[in-house]
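Can you make the complete structure from the sequences, with help from the hints?
Listed in order, the protein sequences are those of chains W and X. First residue of the first sequence? That's -10 in my numbering, and the numbers climb one at a time after it. First residue of the second sequence? That's 51 in my numbering, and the numbers climb one at a time after it.
It should be emphasised that the hints constitute simulated quantities derived from the structure, not laboratory data. Treat each hint with caution, since some may be false.
Residues on chain X that point at chain W, a partial pick, calculated with CB under 10 Å [what the hints assert, rightly or not]:
1) LEU109
2) ALA111
3) TYR199
Predicted model only: the values in this text are computed from it and were never measured. Beta carbons: idealized from backbone N, C-alpha and C, even for Gly.
What follows is the residue order along each chain.
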Amino acid sequence: MKISPANAFGKTVFPHTARVSADLLRLGDSIPVNCKITREGLIPTLSPRSSGGSVPEDIKCVSYAVGIDRYMAFADGKDAVSFNGFAYSGFLNRSARSPFIIERRLGEAVQTLTFGDGSVAVYNKDDELKTEPYAGNLACGAFHCGRLFGADLDDGYKLRWSGEGGALDWEEKINGAGWVLLCPELGEILNVAEFGEKIIALRRRGVSVITAHGSPENFKVESEVCSYSELCKDTVQIVRGRLFFFRKSGLCEYSDGKILSIANGLAEDFFSPACSAATDEYYFAGGNSMALGDAVFAYDAADDCAFLMNASAEKIAAGRSVFCYADGKCCELVPDGEFTFSCGNINFGSHGKKTLKSVIIDGGGDYSLTVTNGVFARSFNAAKGKTRLNMCGRSFKITVSGSKRINSFTAEAEVADDV
Amino acid sequence: MTFDIIVLTDEELRKMTAVQMQLLRTAQKKKNELKHKLELDMDLFKKLLLTDNMQDSSLEAQKRAELEEEYLYQVGIIAEQLEYALEVNEPFPDGGDSSEDVGYIVDYGLSYTDRYIIVRNYYLSIADPAERMALYGKDDVARRYLGSYYNTLYDVLYTYSQ
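Right, dumping it as structure tokens:
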């Protein structure tokens, strides 16, 4: 039997404790899944929902064509089109070592161009498809000032541009098509994007910025910005006027001639991004998460917060809806799903033993709550308001699931002074 | 001076009159000036490419091709004009009196006014003012053909050359 210490008067003396409260939404190392943490609290966002339909197995590229309201893809050696994003019909067998899809406007008409080896498939709003010969030999491209700019398929350091006639004009002359070799130190070109009035070439170890107005005599390699960490291919997107991309060290942004790392709690968790897409609000990237395995990373460019979705994505298309494709399957990211939020290990600022007294959820619904001290766990199915725990331990991990917004999520513990 | 504006043998060069040599020298000078300007333009363009970090690009070769195309076009015009002018001034091979064969109509039946207009129009068709004055100064046929109008026309041509 344990005997409590007694004072001079024979009374039991308990160690001095303090009540400590922690805001569980503001801890580092937390993993928000299908929800985002903003100043207003925890807000459910998008969650994956499996779609049926006929999705090609080996999608090389996919894109939503705004002007013609179709999802376009190159997969299994064919061009494919979908009206809804999850049922594709394929046609036109072609070869394409590095296909890419771009929209162009010709007067009032809008066309989608899918570039392959030696030919480009032109698809218009009347669902007419034709192929035209194409001599550009590009691995990726972007339109700028009426010309198509892109990385040469056979020489990764060569940036090519088309003639004044547009994407199909590759006759080399002073006012026509041409190329420039970028400095080798930054590595080969991974992607090309139009950003404001510039062409941005994302390279293995940095970014080259090219000004390309009017005739090629006026083109200029304006600056070259080195990155200490390698950039990831196919992750560049523009959201709300900001250019985002991934490098091995995490999400970053190109702004005012600099590469800026975007601090977010998922930098240690999410890795190997291999594809990306963007809506007006979110930047998406498909990759892996230490916590979830296959995952889609999302960044809200307005609220500057990141979250994950437990979906597998080898390619993502963002149009009327957002679709993630992997291994011949497709899932749609839809609102009003269920979220899970796991806060990181919390020790209330003390290494010693403490008692987790309660968890308080201020939200509009019932939630599933799981609390563990590393030895055992307790779960509550319909937690809301104050949930009393009285769980002892040195640190705790708390996970909440639900579908309604949470305004605040706090925990209280009694912590003995570390003397 | 090396003559490569048109193809000429040494024999043909030796047989040229003073007027023909003047025409040849003027044309060659223009060609050399065009070539020099092309190289200056290319040097300037290369410097601009360096400034814009575009030195390793297709632009230098494309610009040279554009400038050379224009250069060859201009040289072609000069060569064609030279060949025509040389043909008009070619002396008779038997050394006979070729003094009437001057490129404009010599008809002593015309009035002096008509003769003046014909010779004036001929010399005003020569673009280079220095060449025009040099040829007119050596034109003995014009002296006989125009009589006292020769000096009048000289003054007029001189005015045009200023």
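Hints versus structure:
Checking LEU109 (chain X) against chain W by beta carbon gives a least distance of about 6 Å; that is within 10 Å, so the hint holds. Evaluation of the ALA111 (chain X) hint against chain W yields a held restraint, the C-beta minimum of about 9 Å falling below 10 Å. For TYR199 (chain X), the shortest C-beta to C-beta distance to chain W is roughly 52 Å, which exceeds 10 Å, and the interface hint is violated.
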